[in-house]
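Residue numbers (the numbering used here), protein chains in the order written: chain D, 1 to 243; chain L, 1 to 659; chain R, 1 to 292.
By construction, these hints were calculated from the structure, which means they are not laboratory data. All C-beta atoms in this analysis are idealised placements derived from N, C-alpha and C, irrespective of residue type, glycine included. Misleading hints may appear alongside valid ones.
Unchecked claim - Beta-carbon label-pair distances, calculated as ranges:
id : chain 1 : residue 1 : chain 2 : residue 2 : range
1  : R       : 127       : D       : 89        : 26 to 32 Å
2  : R       : 225       : L       : 336       : 21 to 27 Å
3  : D       : 6         : R       : 236       : 42 to 48 Å
4  : L       : 321       : D       : 90        : 24 to 30 Å
5  : L       : 127       : R       : 50        : 51 to 57 Å
6  : R       : 229       : D       : 142       : 29 to 35 Å
7  : R       : 225       : D       : 142       : 24 to 30 Å
8  : R       : 221       : D       : 137       : 31 to 37 Å
9  : D       : 21        : L       : 378       : 46 to 52 Å
10 : L       : 463       : D       : 24        : 29 to 35 Å
To be verified - Derived lysine to aspartate or glutamate pairs resembling DMTMM-like cross-links, with alpha carbons at most 25 Å apart:
id : chain 1 : residue 1 : chain 2 : residue 2
11 : L       : 295       : L       : 310
12 : L       : 295       : L       : 116
13 : L       : 512       : D       : 28
14 : L       : 295       : L       : 62
15 : L       : 60        : D       : 140
16 : L       : 60        : L       : 131
17 : L       : 512       : D       : 20
18 : L       : 346       : L       : 360
19 : L       : 145       : L       : 623
20 : L       : 461       : D       : 48
21 : R       : 118       : D       : 204
22 : R       : 118       : D       : 171
23 : L       : 145       : L       : 114
24 : L       : 346       : R       : 221
25 : L       : 319       : D       : 35
26 : D       : 243       : D       : 199
27 : L       : 346       : D       : 149
28 : L       : 512       : D       : 48
29 : L       : 512       : L       : 464
30 : L       : 461       : D       : 51
31 : L       : 295       : L       : 545
32 : L       : 60        : D       : 145
33 : L       : 60        : L       : 339
34 : L       : 512       : D       : 51
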Amino acid sequence: MSTDTPRQLTLRILRSSPGEGIAPHWQDFRVDEAEGMTLFIALNEIRDTLDPSLQFDFVCRAGICGSCGMLIDGRPGLACRSLTRDFGPLITLAPLPVFALIGDLSVDTGSWMRGTAERLETWIHSQAEPDLTAVEARMEPELAEAIYELDRCIECGCCVAGCGTLRMREDFVGAVGLNKIARFRLDPRDERSDEDYYELIGDDSGVFGCMSLLGCHDVCPKGLPLQTQIAFLRRRMVAVGLK
Amino acid sequence: MRIVYTDVLVIGGGLAGLRAAVGARRRGHEVVILSLVPAKRSHSAAAQGGMQASLGNTAKGEGDNEDVHFEDTVRGSDWGCDQAVARLFVHAAPQAVRELAAWGVPWNRVRAGEREVVMDGRRVMLSERPEAHGLIAARDFGGTKKWRTCYVSDGTGHAMLYAVSDKAVAEGIPVHERMEAIALIHEGGRCHGAIVRNLVTGELSAYVAKATCIATGGFGRIYRVTSNAVINEGIGAAIALETGAASLGNMEAVQFHPTTIFPAGILVTEGCRGDGGLLKDAAGHRFMPDYEPEKKELASRDVVSRRMEEHIRAGHGVKSRFGEHLWLDITLLGAAHIDGRLREVKEICRHFLGIDPARDFIPVRPAQHYSMGGIRTDARGEAYGLAGLFACGEAACWDLHGFNRLGGNSVAETVVAGMIVGENIADFVESPAGELQVSTALVQGFLAAEQGRLDALLQGKGMESATDIRRRMQDIMTDKVGIFRRGDLLAEAVDELQVLLQRSRRIGVATKRPGSNPELVAAYRVQKMLKLALCVAYGALQRTESRGAHYREDCPRRDDANWLMRTLASWNDPFQTLPTLAYEALDVRGMELPPGWRGYGARDAIEHPATASRAAEVAAIREAFGHADRAIVQQALMPYEHLVPLRFRGHNERLGDPR
Amino acid sequence: MSRLLERSATLPPPIARQAPETPLALTHVTAHPRLRRSRWPARLDLLQSASGLFLALFLVAHMFFVSSILISQDAFYTVARFFEGAYFLATPQPWIVSCVVGGVLAVFVLHAWLALRKFPASFRQYQAFAEHRARLRHDDTGLWWLQLWTGFALFFLASIHLYGMLVHPELIGPYESADRVWTGSMWPLYLLLLFAAEIHGGIGLYRLALKWGWLPGGNPDAARRRLRRLKTAFSLFFIGLGLVSLLAYVRLGIAHAERAGERYAPSGDGTPATLAEGAAVTPVVVPSRRGG
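When you get a sec, could you build the whole thing from the sequences and use the hints?
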């Protein structure tokens with residue numbers, strides 16, 4: 001795993017600063033690789049020692065919060081948990097496409113995801129106010145686990161960046177949104193029907209826009225079952241369409 | 001210049017801030033949330049193991065109730081907590097879990113029948129009651145008598161944060177992202193909002209509010225080795241401190257989590273040990289029973305962390321390139337359990353260590369994890385010394401945790417405090433005291449002052465490097481204000497931090513752009529972080545006893561006679577280099593649970609003069625009430641119901657309740 | 001959405017404000033009534049898949065019929081006449097083939113129209129996708145690109161072929177087809193058509209399975225890997241079969257070039273005699289030759 005002389009890595013970073021009108025351009029930074037080095041460590045080292053103006057987003061640096069999605073050698077991924085040893089000596093880093101660019105590797109995923117939440121109403125729709133002192137409603141253990149399986153999305157935006165459809169059609173809802181609909185549809189606490197969901201995703205900017213390229217599924221850092229969930233939703237929504 | 005007016009300004013988009021915002025919004029008030037990052041990226045998401053609430057649904061949680069949870073919490077705090085707040089908390093925690101269940105959190109559920117679990121290194125069969133089937137399950141956590149930690153696999157914080165964040169979206173609460181509050185607007189002991197810097201454009205604006213709530217989490221990043229996210233720099237607490245009016249409580253009470261992966265410091269949940277994982281040394285020996293025969297790996301975090309460091313000092317650590325560590329062994333739990341209940345742990349091990357925890361031991365060592373201290377508030381969540389300023393969650397010293405918090409109590413506190421403080425904020429806004437009366441000149445003055453500070457950094461001739469100062473601060477804190485503390489080292493730390501603080505006033509920034517400028521951000525933050533570091537180090541130096549997570553090798557005993565009090569740090573003069581410390585005594589005579597032995601750890605506390613008489617009084621009251629309802633006995637011992645907002649009063653029902 | 005009040009600093013702060021609105025909590029929990037969204041996107045989506053499936057299945061059947069030439073000329077002749085109803089009706093009725101071709105053409109046009117909706121609608125979209133594909137280096141994204149281009153080619157290639165069959169259904173037979181391929185110079189078109197159709201069809205079937213979630217076996221990822229292998233095998237098999245068949249027609253076409261235009265007469269085993277006779281006496285001009 002470790003070698004006597006550390007590799008010298010070149011990080012080729014797509015720099016930009018829209019606020020100052022600086023157009024995207026590549027810049028190379030050289031760092032000595034250390035054992036167990038992640039892109040989080042490498043990028044911070046660059047900022048601390050080479051260029052304090054370098055912009056990137058990290059929060060948890062443990063692969064949990066989804067802040068650090070970027071294109072690593074062209075593929076969307078979480079920088080914090082990408083070990084440099086898994087890459088060649090030249091690593092290219094670019095900001096995620098689709099999202100508004102803030103500068104360098106930093107993009108505005110927050111507004112996009114908030115827009116998705118508002119558009120798809122990604123919350124439990126229930127008429128009843130819960131009685132907080134009463135014993136809670138029951139749920140089958142398997143169902144709770146199945147919901148969590150879909151609830152694990154961290155809104156990192158990798159699926160959005162990996163989606164060819166979204167690159168062409170910016171109003172496409174994307175896998176992140178479809179997965180959320182699948183999650184709430186599965187949840188018996190949400191009283192919405194398939195007809196209600198059809199109102200949200202029943203067109204070509206919704207589930208029917210998906211061309212099943214499955215870039216989303218293949219780049220999802222959480223390994224969410226996007227391919228089966230989108231197919232499932234498509235069947236359900238077509239069933240509504242045929243009624 | 002822009003001024004934004006709102007009823008309630010919540011600073012921080014984590015669980016506590018979001019829940020408080022939802023509470024105030026549901027009472028009909030306009031709320032704006034400021035967040036450094038998109039709300040769902042907040043560090044609440046990293047809480048893995050679960051939240052404590054005494055539902056008592058599982059076999060091992062049967063018989064659990066508020067009383068048991070209360071006692072565990074007070075013992076965990078080493079009697080440093082506010083017992084009325086602890087009561088308030090344990091009362092509302094079950095409601096919080098149930099509310100979150102209704103909001104969509106997919107809590108793991110009880111499956112009726114036999115199941116195999118690992119306890120104390122052995123596989124045993126547990127039988128879950130059929131009538132509990134489908135109710136919210138719980139796992140074991142350190143320092144608790146019952147299995148009480150409700151969980152969603154090991155992504156509890158994530159599931160909770162997403163549910164509450166989506167609820168905030170449903171309520172139409174705007175979250176202004178990438179906005180940082182850098183000063184509070186205040187005058188005459190009344191807070192009027194905050195001066196806010198847009199982290200993208202660099203623009204300053206003023207947010208004027210009837211009530212301001214700080215929920216910015218902890219300040220772990222003043223340490224080099226911490227499980228905290230990189231945004232946990234304590235700026236919320238620091239801006240409260242900088243008002244000179246508010247004060248920070250118990251800043252020396254810093255928790256170190258026993259199991260963070262070595263050397264990255266990334267947390268692996270206490271659920272690993274709760275579910276049966278063991279700590280082992282270089283020889284593969286399970287050492288915790290040698291130190292803590294009762295609770296073993298599941299003593300409170302302060303105790304386990306200390307025992308681990310003690311064991312390493314005794315020469316039993318595993319030596320590696322980066323230093324020494326110990327092993328966490330969860331292989332005995334089996335791959336199926338790890339895949340289902342500890343999948344984040346599995347992912348972390350795979351991505352950061354390249355190991356499979358179902359087959360390999362995990363290298364761990366304690367790291368800074370939680371700040372028990374924070375903005376000192378009363379039980380309503382309102383800051384001492386500054387009306388209209390509220391705080392909740394880790395940023396606050398509400399004082400639920402005293403000198404050590406139990407695992408699972410912090411994520412519970414976020415939502416419980418959010419529920420309660422949210423109601424109290426709404427009450428405040430609706431009261432005459434909540435009237436907004438602020439002059440534009442005052443707001444302008446604060447804006448100009450902050451702009452001046454930033455300009456000085458950007459245009460000044462300072463030559464000091466923010467990165468260097470910050471790194472030095474982190475080294476000092478980890479090396480000298482860590483798990484084991486000593487008077488001489490603390491004194492050194494305080495001296496060095498003071499020098500750093502002076503140096504930080506001469507920081508120069510090379511990147512001159514006013515907008516998105518990480519160098520400028522690092523510069524103004526480190527100035528604030530140093531003040532927090534000084535509150536921690538100086539408070540620790542002054543506190544010549546050991547209590548909870550604050551352990552002084554030169555004063556190893558808990559000293560109730562002299563130190564049963566809360567440290568209050570304030571910073572009245574911007575040019576002082578040390579905080580002003582004051583102390584607030586805890587009233588033994590009002591305690592429901594008078595000081596005693598925690599049930600683990602040291603037994604040699606120096607007793608408070610009033611402890612014996614209060615203990616006798618408590619015993620007499622219990623005697624007098626005989627078999628009366630426990631709620632009535634409790635009421636007689638220490639009334640707290642007046643602190644519970646109306647919405648959350650009432651008896652928490654449980655399975656098999658006689659009522 | 002934001003009901004935030006923003007004012008300039010010169011205005012005095014609003015001390016008294018209107019009464020708080022009704023809490024949103026209750027209004028937000030219900031999915032508020034909206035205009036009912038059109039059901040057509042669902043139907044069109046299904047139709048696109050269904051038409052694609054139909055065309056792919058037709059392609060499979062077609063390829064097997066065409067490759068019957070590899071068995072014998074009589075075999076192909078029999079197949080061709082079969083579709084003219086020669087075995088149910090008194091005389092072969094080529095218009096039946098025209099009808100089938102017309103039907104296929106209709107489905108083809110429908111499929112093309114539906115698929116066109118997914119094509120890049122502007123250069124900007126085209127460029128965005130091209131850049132995305134080049135950077136991501138992702139198999140299924142690349143496959144769609146291939147499908148896009150083969151589909152585009154099929155607009156022309158398949159249309160020409162279908163039109164020919166529509167107007168001259170009777171010219172399907174060993175000699176007739178071989179003459180068309182060789183003497184009529186259709187082989188380059190058929191060669192391109194073969195590759196385009198089999199690649200497009202193979203990827204299309206694979207994508208259909210993914211799109212609708214037909215992923216047999218317990219593990220969807222493993223199923224997808226299997227399907228991908230199946231897809232490649234499908235394309236390779238039919239391209240192979242097609243090439244061999246096309247070669248057979250080419251060779252037959254070369255051999256028959258001298259007598260191009262002559263109708264095929266079967267060797268006589270089990271074939272209606274009238275049919276063979278009729279074919280032999282009617283001189284027919286090969287359409288492509290006619291065209292010059």
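Checked hints:
For residue 127 of chain R and residue 89 of chain D, the hinted distance range of 26 to 32 Å is satisfied, since their beta carbons lie about 31 Å from each other. Residue 225 of chain R and residue 336 of chain L have their C-beta atoms about 24 Å apart, which keeps the hinted 21 to 27 Å range intact. For residue 6 of chain D paired with residue 236 of chain R, a C-beta distance near 46 Å keeps the hint of 42 to 48 Å intact. Checking the proposed 24 to 30 Å range against residue 321 of chain L and residue 90 of chain D shows it holds: the Cβ atoms sit about 26 Å from each other.
The hint said 51 to 57 Å for the Cβ distance between residue 127 of chain L and residue 50 of chain R, and at roughly 53 Å that hint holds. A hinted range of 29 to 35 Å holds for the C-beta pair residue 229 of chain R and residue 142 of chain D, which are about 33 Å apart. Against the hinted window of 24 to 30 Å, the Cβ-Cβ separation of residue 225 of chain R and residue 142 of chain D comes to about 27 Å, which satisfies the hint. At about 34 Å, the beta-carbon gap between residue 221 of chain R and residue 137 of chain D stays in the expected band of 31 to 37 Å.
At roughly 51 Å, the beta-carbon separation of residue 21 of chain D and residue 378 of chain L lies within the given 46 to 52 Å, and the hint holds. Restraint check, residue 463 of chain L to residue 24 of chain D: a C-beta distance of roughly 33 Å satisfies the suggested window 29 to 35 Å. For a cut-off of 25 Å, the pair hint linking residue 295 of chain L to residue 310 of chain L stands: about 17 Å separates their Cα positions. At most 25 Å may separate the alpha-carbon atoms for a hinted pair to count; residue 295 of chain L and residue 116 of chain L meet this at roughly 21 Å.
The hinted pair formed by residue 512 of chain L and residue 28 of chain D meets the criterion: a straight-line CA distance of about 22 Å does not exceed 25 Å. Our distance criterion of 25 Å between C-alpha atoms is met by residue 295 of chain L and residue 62 of chain L, whose separation comes to about 19 Å. Between residue 60 of chain L and residue 140 of chain D, the direct Cα distance comes to roughly 20 Å. Compliance with the 25 Å bound is thereby established for this hinted pair. Between residue 60 of chain L and residue 131 of chain L the CA atoms are separated by roughly 15 Å; this keeps the pair inside 25 Å, and the hint holds.
Our distance criterion of 25 Å between C-alpha atoms is met by residue 512 of chain L and residue 20 of chain D, whose separation comes to about 11 Å. About 11 Å separates the Cα atoms of residue 346 of chain L and residue 360 of chain L, which keeps this hinted pair within 25 Å; it holds. Restraint check for residue 145 of chain L and residue 623 of chain L: satisfied, since their Cα atoms lie roughly 23 Å apart, inside the 25 Å limit. With a C-alpha separation of about 20 Å, the suggested pair residue 461 of chain L and residue 48 of chain D falls inside the 25 Å cut-off, and the hint holds.
Simply put, residue 118 of chain R and residue 204 of chain D have alpha-carbon atoms about 9 Å apart, close enough for the 25 Å limit, and the pair holds. Distance restraint check for residue 118 of chain R and residue 171 of chain D: the Cα-Cα separation of roughly 14 Å lies within the 25 Å cut-off, and the hinted pair is therefore satisfied. Distance hint between residue 145 of chain L and residue 114 of chain L is fulfilled; the C-alpha atoms sit about 22 Å from each other, no more than 25 Å. The suggested pairing of residue 346 of chain L with residue 221 of chain R holds, with an alpha-carbon distance near 20 Å, which does not exceed 25 Å.
Simply put, residue 319 of chain L and residue 35 of chain D have alpha-carbon atoms about 15 Å apart, close enough for the 25 Å limit, and the pair holds. Restraint check for residue 243 of chain D and residue 199 of chain D: the C-alpha separation of about 14 Å stays at or below 25 Å, so the hint holds. Distance check on the hinted pair: residue 346 of chain L and residue 149 of chain D sit about 15 Å apart at the alpha-carbon level, within 25 Å; holds. At most 25 Å may separate the alpha-carbon atoms for a hinted pair to count; residue 512 of chain L and residue 48 of chain D meet this at roughly 16 Å.
Pair hint residue 512 of chain L plus residue 464 of chain L holds up; C-alpha atoms about 15 Å apart against a cutoff of 25 Å. A distance of roughly 19 Å separates the Cα atoms of residue 461 of chain L and residue 51 of chain D; the hinted pair therefore holds under the 25 Å criterion. A distance of roughly 24 Å separates the Cα atoms of residue 295 of chain L and residue 545 of chain L; the hinted pair therefore holds under the 25 Å criterion. Our distance criterion of 25 Å between C-alpha atoms is met by residue 60 of chain L and residue 145 of chain D, whose separation comes to about 21 Å.
For a cut-off of 25 Å, the pair hint linking residue 60 of chain L to residue 339 of chain L stands: about 23 Å separates their Cα positions. The suggested pairing of residue 512 of chain L with residue 51 of chain D holds, with an alpha-carbon distance near 13 Å, which does not exceed 25 Å.
Checked against the numbered hints given earlier, this structure breaks none of them.
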